[in-house]
Each structure stands twice: as structure tokens, then as C-alpha cells.
Amino acid sequence: MQAPTIHTRHPADAPPPSGCAVAPASASAHAAHPWRVIALPLFAILTLTFLAACTTPQKRPANTADDMVVPMPARLDINPDTDVDYAILRGETVYFAYDSSIIQASERGKLSRVLEWMTANPRRPLFLAGHADKRGTPEYNRGLAERRAQAVRMYLIGLGAEGELLHTISYGEERPASQGDSEQDYALNRRVEIGVVREGAVQRQGQPQN
Amino acid sequence: MQLPPRCHTLPDSLRKAASRALRSLGVTRFAALAALTLLVAITFGFTLIPTAALAQDDIPTARPATPALQPDAPTAAPAAEADPGAGSTIQVTGAAKVDIQVQSISGTEGSTATTTLMTDLSRSQLINPTTTQAKYSATAQLGSGGLVARLTDTANGRVLVNKTYSGAWRDAVHQFADDITFATTGIPGFASSKIAFVSNSTGSKELYIMDIDGHNVRQLTSDRTISSSPAWSRDNTMLAYTSYKSGYPDVYIIKLATGQRTRVAYFPGINSGAAFSPDGTRLALTLSKDGNPELYIMPITGGGNNAAPVRLTRTRGAETSPSWSPTGDRIVFCSDDRGSPQLFITSSTPGGNTDRLSLNSTFTTEPDWSPDGRKITYTLRAGGLFQIGVYDMAVRNSVQCTTTGGQDSNWTRDSRHVVYTNNGQIYLLDTVTRQSTLIRGDLKGCGEVAVSK
Numbered sequence: 001m002q003a004p005t006i007h008t009r010h011p012a013d014a015p016p017p018s019g020c021a022v023a024p025a026s027a028s029a030h031a032a033h034p035w036r037v038i039a040l041p042l043f044a045i046l047t048l049t050f051l052a053a054c055t056t057p058q059k060r061p062a063n064t065a066d067d068m069v070v071p072m073p074a075r076l077d078i079n080p081d082t083d084v085d086y087a088i089l090r091g092e093t094v095y096f097a098y099d100s101s102i103i104q105a106s107e108r109g110k111l112s113r114v115l116e117w118m119t120a121n122p123r124r125p126l127f128l129a130g131h132a133d134k135r136g137t138p139e140y141n142r143g144l145a146e147r148r149a150q151a152v153r154m155y156l157i158g159l160g161a162e163g164e165l166l167h168t169i170s171y172g173e174e175r176p177a178s179q180g181d182s183e184q185d186y187a188l189n190r191r192v193e194i195g196v197v198r199e200g201a202v203q204r205q206g207q208p209q210n
Numbered sequence: 211m212q213l214p215p216r217c218h219t220l221p222d223s224l225r226k227a228a229s230r231a232l233r234s235l236g237v238t239r240f241a242a243l244a245a246l247t248l249l250v251a252i253t254f255g256f257t258l259i260p261t262a263a264l265a266q267d268d269i270p271t272a273r274p275a276t277p278a279l280q281p282d283a284p285t286a287a288p289a290a291e292a293d294p295g296a297g298s299t300i301q302v303t304g305a306a307k308v309d310i311q312v313q314s315i316s317g318t319e320g321s322t323a324t325t326t327l328m329t330d331l332s333r334s335q336l337i338n339p340t341t342t343q344a345k346y347s348a349t350a351q352l353g354s355g356g357l358v359a360r361l362t363d364t365a366n367g368r369v370l371v372n373k374t375y376s377g378a379w380r381d382a383v384h385q386f387a388d389d390i391t392f393a394t395t396g397i398p399g400f401a402s403s404k405i406a407f408v409s410n411s412t413g414s415k416e417l418y419i420m421d422i423d424g425h426n427v428r429q430l431t432s433d434r435t436i437s438s439s440p441a442w443s444r445d446n447t448m449l450a451y452t453s454y455k456s457g458y459p460d461v462y463i464i465k466l467a468t469g470q471r472t473r474v475a476y477f478p479g480i481n482s483g484a485a486f487s488p489d490g491t492r493l494a495l496t497l498s499k500d501g502n503p504e505l506y507i508m509p510i511t512g513g514g515n516n517a518a519p520v521r522l523t524r525t526r527g528a529e530t531s532p533s534w535s536p537t538g539d540r541i542v543f544c545s546d547d548r549g550s551p552q553l554f555i556t557s558s559t560p561g562g563n564t565d566r567l568s569l570n571s572t573f574t575t576e577p578d579w580s581p582d583g584r585k586i587t588y589t590l591r592a593g594g595l596f597q598i599g600v601y602d603m604a605v606r607n608s609v610q611c612t613t614t615g616g617q618d619s620n621w622t623r624d625s626r627h628v629v630y631t632n633n634g635q636i637y638l639l640d641t642v643t644r645q646s647t648l649i650r651g652d653l654k655g656c657g658e659v660a661v662s663k
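First to last, the protein sequences are chains A and B.
If you count the first sequence from 1, position 146 lands on 146 in the working numbering, and the numbers rise without skipping.
If you count the second sequence from 1, position 72 lands on 282 in the working numbering, and the numbers rise without skipping.
Some hints here could point you the wrong way.
[What the hints assert, rightly or not] To spell it out: a stretch of chain B is covered by chain A in this simulated footprint if at least three of its residues, at any positions, have a beta carbon under 8 Å from a beta carbon of chain A; those stretches are:
hint	segment
1	350–357
2	454–468
3	526–532
4	545–557
Hints listed in this document are in silico derivations from the structure and should not be mistaken for laboratory results.
Think of the CB as a built atom: it goes at the ideal place given N, C-alpha and C, for glycine as much as any other residue.
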């Protein structure tokens with residue numbers, strides 16, 4: 001059996017190599033079995049593709065991938081500071097690891113319960129309020145907290161929730177749940193709170209003031 | 211693209227052993243060949259893939275040395291002999307300061323004004339103000355008509371500055387200091403600059419401005435909400451900032467002369483981190499209206515139907531904190547698309563290449579491009595602390611300039627000093643000597659500084 005030929009050296013006066021080349025894998029030896037000629041590279045390509053897919057680092061959960069984003073609903077004509085009630089679903093606040101917007105396994109049950117609440121209370125818009133701990137800089141934390149809120153939004157949509165009812169708002173590091181500087185305080189601050197728009201608030205007249 | 215000839219052959223004995231082993235397992239020659247081909251292909255693939263990825267990731271971000279970036283910018287010439295602004299580039303080192311005799315300023319506030327002028331000149335790190343005879347002599351009278359001021363070369367009597375500065379005496383003195391600095395060193399002074407910052411000392415984050423020497427603190431907002439991320443227009447007449455005044459994070463522009471505020475970006479999601487383009491017509495900012503927080507460019511007049519924001523980035527991470535190059539063709543920003551926040555440079559028009567800056571930390575945020583185009587300051591994390599870093603575009607080298615902590619650094623006009631915050635206090639840092647000076651001791655809860663240029 002013949003091992004594939006690989007160029008390991010190039011003559012000094014030869015043009016610069018464009019890369020290492022693998023010689024065709026003894027195709028002539030198998031000319032009598034055309035399916036083998038096709039099957040071998042095909043098998044190799046498929047296996048390589050599979051391996052490449054396995055080894056590509058997955059830095060983000062698939063549910064935040066750009067092309068999977070379900071369009072954001074238009075802003076509601078309310079003031080999120082006063083017209084959203086975060087007490088109702090307080091127990092379902094989703095917590096995150098440091099510098100991460102990945103929804104941990106421990107938090108998924110909460111989102112199933114949020115979906116149950118949405119099913120029991122149809123047409124009630126929710127606010128997903130993203131927060132970060134104060135480590136990091138304000139603008140970065142605002143972006144990170146928004147991504148946390150959007151990760152929760154996409155997870156709920158994945159469970160079957162209606163995207164049009166799911167609004168995000170990012171408070172970055174500006175509104176800590178716990179004021180201290182311990183690791184426990186920071187863990188409590190890396191969160192997405194789920195708020196319910198108060199009944200009747202959406203019908204309120206007038207734009208938020210400029 | 212050229213690749214190194216980094217390939218692998220299997221030793222003969224190994225090949226035979228493998229062949230025997232496979233045969234003993236009843237595997238056909240074909241399958242053995244396929245497996246071996248695969249093995250080699252995979253090894254080969256792994257050698258190739260990271261090489262290709264690396265080659266693309268680490269393309270040096272600096273274009274060839276930058277003098278061409280800003281042809282009109284004065285080059286550094288701290289120059290005793292050289293005619294100001296006459297041209298040869300000398301590296302600023304902190305040595306060889308220009309001696310200037312500051313004569314006592316006459317008038318009721320004269321004594322304080324004299325001290326202020328001398329402090330301003332010292333702070334530049336380029337000038338050594340003295341009360342004794344020196345190469346240059348600064349004289350001024352403070353009266354009802356303003357500050358009548360003059361700078362002379364004592365050797366030949368040549369007058370380098372001869373102006374009457376109107377307005378408040380502090381502003382007048384600061385402007386005189388900047389004119390002296392520029393006339394004798396060719397480097398723009400920053401004594402007349404102002405710092406915009408946020409402070410939560412009243413219980414909510416409000417916007418303030420003050421002179422760079424800590425005087426004239428002025429509160430700009432009293433909204434009792436979150437005000438954040440101020441940025442100056444290049445003509446220093448406007449500030450863009452983020453406010454949660456409507457309940458949502460929106461971008462506003464405030465005109466300093468009148469105090470008039472306009473809400474310019476209020477799309478669904480976040481609207482934040484706006485930075486004025488050098489020509490003053492556009493904002494670069496972060497919006498999440500299309501899902502992920504991404505960078506966009508929009509006119510300062512706001513995004514109407516005819517002027518929808520143009521999207522610059524498309525990633526799975528969050529893009530924040532854009533800062534324009536002085537020529538306006540490029541933007542440096544922070545992205546955590548690769549896991550931790552890192553700095554990237556892209557074109558300010560869609561479709562350009564994006565290059566990552568190779569810096570001294572894997573956690574870097576809040577970049578600010580220097581007015582001379584040669585450096586970028588940023589916040590880095592090292593050993594659990596945030597520190598101020600400076601990246602030099604020409605030599606592609608980054609240094610950490612603080613040891614006791616710092617964040618939100620922002621250049622002054624001389625492209626040498628930065629203003630930053632640490633533990634709620636505002637500091638001025640000389641990036642050459644790496645000395646930090648507290649600007650004012652009685653401020654609390656300050657952050658997010660921006661220096662007028």
C-alpha cells in the first residue's frame with residue numbers, strides 16, 4: 001500500500017510554494033472501481049467537515065447568532081421606569097457567569113415558568129432588563145447586559161414565546177441589585193430581570209418626553 | 211498567500227505496523243487507505259487552518275507610519291532653536307523644556323492669574339516657567355478689556371504672541387498658555403480644554419463639565435436618571451451623551467451655549483456611546499435595533515427616513531465605544547465577539563476590513579484615538595485591576611501607564627496626556643513620564659471623562 005505523497009521541500013530556486021499539496025491518493029490503482037474513486041474523497045470531505053464542525057470554538061450559544069435574531073418589537077409608548085412591574089416574576093430572575101451572556105442550565109427552568117406565565121396571561125408584553133456587575137467599563141457593560149437580555153429573549157422565543165411581546169432594555173452596571181463589592185454581590189448583579197408591563201400602561205397617550 | 215512547508219510524513223515502520231494491525235482486524239486495503247488519507251488530511255488540515263486564521267487575525271492594524279495621516283498637524287518640536295512649527299519631527303521625551311519668563315500679570319486678579327498661567331505652562335511638561343530671565347518672556351495685563359498679552363523672544367525681540375483675550379479671566383489665561391505652548395513648542399496646549407464627566411454624587415448619574423485644572427465645575431443635567439458616556443464635538447460646542455430620561459437609553463446632543471437638548475437616536479434597544487465624526491456631521495454609536503449591539507453611523511441631525519443609520523459591524527458579540535481616527539476614515543472600537551472584549555479598527559464606511567489590535571491584555575475596552583492619529587489609549591484589565599494602556603500605531607507596541615488602577619482614558623490635545631478616572635476621582639496622566647496628578651480632590655463618584663479638543 002502506498003502512503004500519500006507529500007511535498008516536504010521545495011527547491012531553493014523554485015517559485016514560492018502555494019502550500020503543501022497532497023497528491024491524488026493513488027486513484028489510478030482503483031480505476032476499475034469508480035465508486036471507490038468517488039467515495040474516498042467524498043468520505044474524506046464529509047469526515048473533515050464533521051471534524052471541523054466539532055473543533056470550531058463555539059464562543060457564543062447558537063441562540064444569539066446574528067442571523068437568528070427575531071426582529072425587535074417597536075418601542076412601547078410607556079416609561080419603562082414606571083410602567084413595568086418587576087415584582088410579579090421576580091423569582092424568575094436569570095443569573096449569569098462573569099463576562100458571559102450564556103444561559104446556564106440552572107436558569108432554564110425559570111424561563112419555562114416565564115413561558116407558562118405568558119401562556120396564562122396572553123398579550124401581556126414583558127421587559128427583559130439586562131444588568132452587569134460593575135467590573136468592566138460602563139459602555140462595555142451596557143452592551144453585555146443588552147446581550148444577556150437578548151439571550152433570554154431568544155431562549156424564550158425558542159420555547160415558543162412570541163417575539164413581539166418581548167422587549168429588551170439594558171441598564172449595564174447602573175442599577176446593581178446588591179451594592180457591595182463581594183463576589184456574592186457581583187453574582188447577584190449579573191442578571192436579567194423579567195418585568196411585566198402594567199395593565200393599561202400601553203394605552204397611555206403621549207410620547208415619552210424629549 | 212504563502213504557507214510554510216510544514217507537512218508530515220509517516221515513518222515507514224509505523225505505516226507497515228498500522229497496515230498490519232488494520233489487516234488483522236479484517237479491514238480492507240481500501241478502508242485502510244481511506245483512514246490513512248484521512249489521518250494525513252486531518253493533520254494537514256489542522257496545520258493549515260490555524261495558520262490561515264492567524265494570518266488573517268493578526269494583520270498589523272497600523273498603516274505604515276502615520277505622518278501622512280494629518281499633514282497639517284504640528285509635529286513635535288520642543289525646540290529651543292527651531293522655528294515653531296517649522297517642521298522636523300522630534301520624539302517628545304520630557305527632556306529639554308523651553309524656559310519662559312512669566313512676568314507678574316497686573317490687575318485685581320493678577321496674582322492668581324500669574325499663578326494659573328505658570329501652572330498651565332508647567333502642566334504641559336514642555337515648558338519650564340520661571341520668574342528670572344529666559345529665552346522667552348510672557349507679559350500680560352488684566353483689565354476691563356480682557357487680558358492683553360504678549361510673548362517675546364528675548365534674544366531678538368521678535369513677538370510670537372500678541373493678543374487681547376476677552377471673556378472670563380481664567381479662560382483668557384488658559385488660552386494665552388495654549389498660544390505660548392504652541393508658539394514655542396509647535397504642540398497644541400490643553401490648558402483651555404474642559405472635561406465632561408458624569409458623577410453620581412447627587413444620588414443619580416448627572417453630566418458635568420469643568421476646566422481641565424479643576425475649576426468652574428458646572429452641572430449640565432438634573433434629570434435624576436442615568437446620564438452617561440459624554441463625547442465632545444470637534445468644535446467643542448456640543449456634547450453627545452446617553453440618557454435614560456425617556457426610560458430608555460437614548461442618545462442626546464446638548465448645545466453648550468444655549469443648553470438646548472435634542473434626542474437624536476431612540477431606536478428599540480440600546481442607543482449609546484455616540485462619538486462625533488471629525489467633520490462634525492455624523493455620529494458613530496452602538497445600536498441594538500437589529501438584535502445584537504452593533505456599530506452604526508448616522509447624521510447628527512438624527513435618523514429620519516432619508517438618513518437611516520448605516521451599519522458597520524455584523525458579529526455575534528457586542529460592539530461598543532467607537533472612536534474616530536482624526537482623519538475620519540477609520541474607527542477603533544471594542545468588541546467581545548471573540549469571548550473577551552478586545553479592540554478592533556475598521557473603516558468608517560461599510561464593507562472595510564476589520565483588524566484586531568494586538569495588545570497587552572485580553573480584556574481591553576474604551577479606546578480613544580489620539581488627535582495626532584499616532585496612538586490609542588484604552589482601559590485594560592491586568593491582575594483583576596483596570597489600568598490605562600497606550601498603543602503606539604507606528605511601532606505596534608502597547609504599554610501600561612498606570613499601576614494603581616484607572617479607566618475611561620481620554621486624550622488631551624497634545625496627544626501626550628490623558629485624563630482618566632479611578633475610584634470616582636479624575637486624574638491627569640502624562641503618558642511619557644507615567645506620572646498621574648489628581649485634578650481636584652473634592653469630587654466624588656466620577657467616571658466617563660471626555661476632554662474637549
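Structure-based check of all given hints:
1. Counting residues of the segment 350–357 of chain B whose CB lies closer than 8 Å to any CB of chain A gives 0, so the stated coverage by that chain is violated, three being the minimum.
2. Look at the segment 454–468 of chain B against chain A: 6 of its residues bring a Cβ nearer than 8 Å to a Cβ of that chain, three or more, so the hint holds.
3. Check result for the segment 526–532 of chain B against chain A: holds, 6 residues qualifying (beta carbon to beta carbon below 8 Å, three or more required).
4. With 6 residues bearing a CB less than 8 Å from a CB of chain A, the segment 545–557 of chain B meets the requirement of three and the coverage assertion stands.
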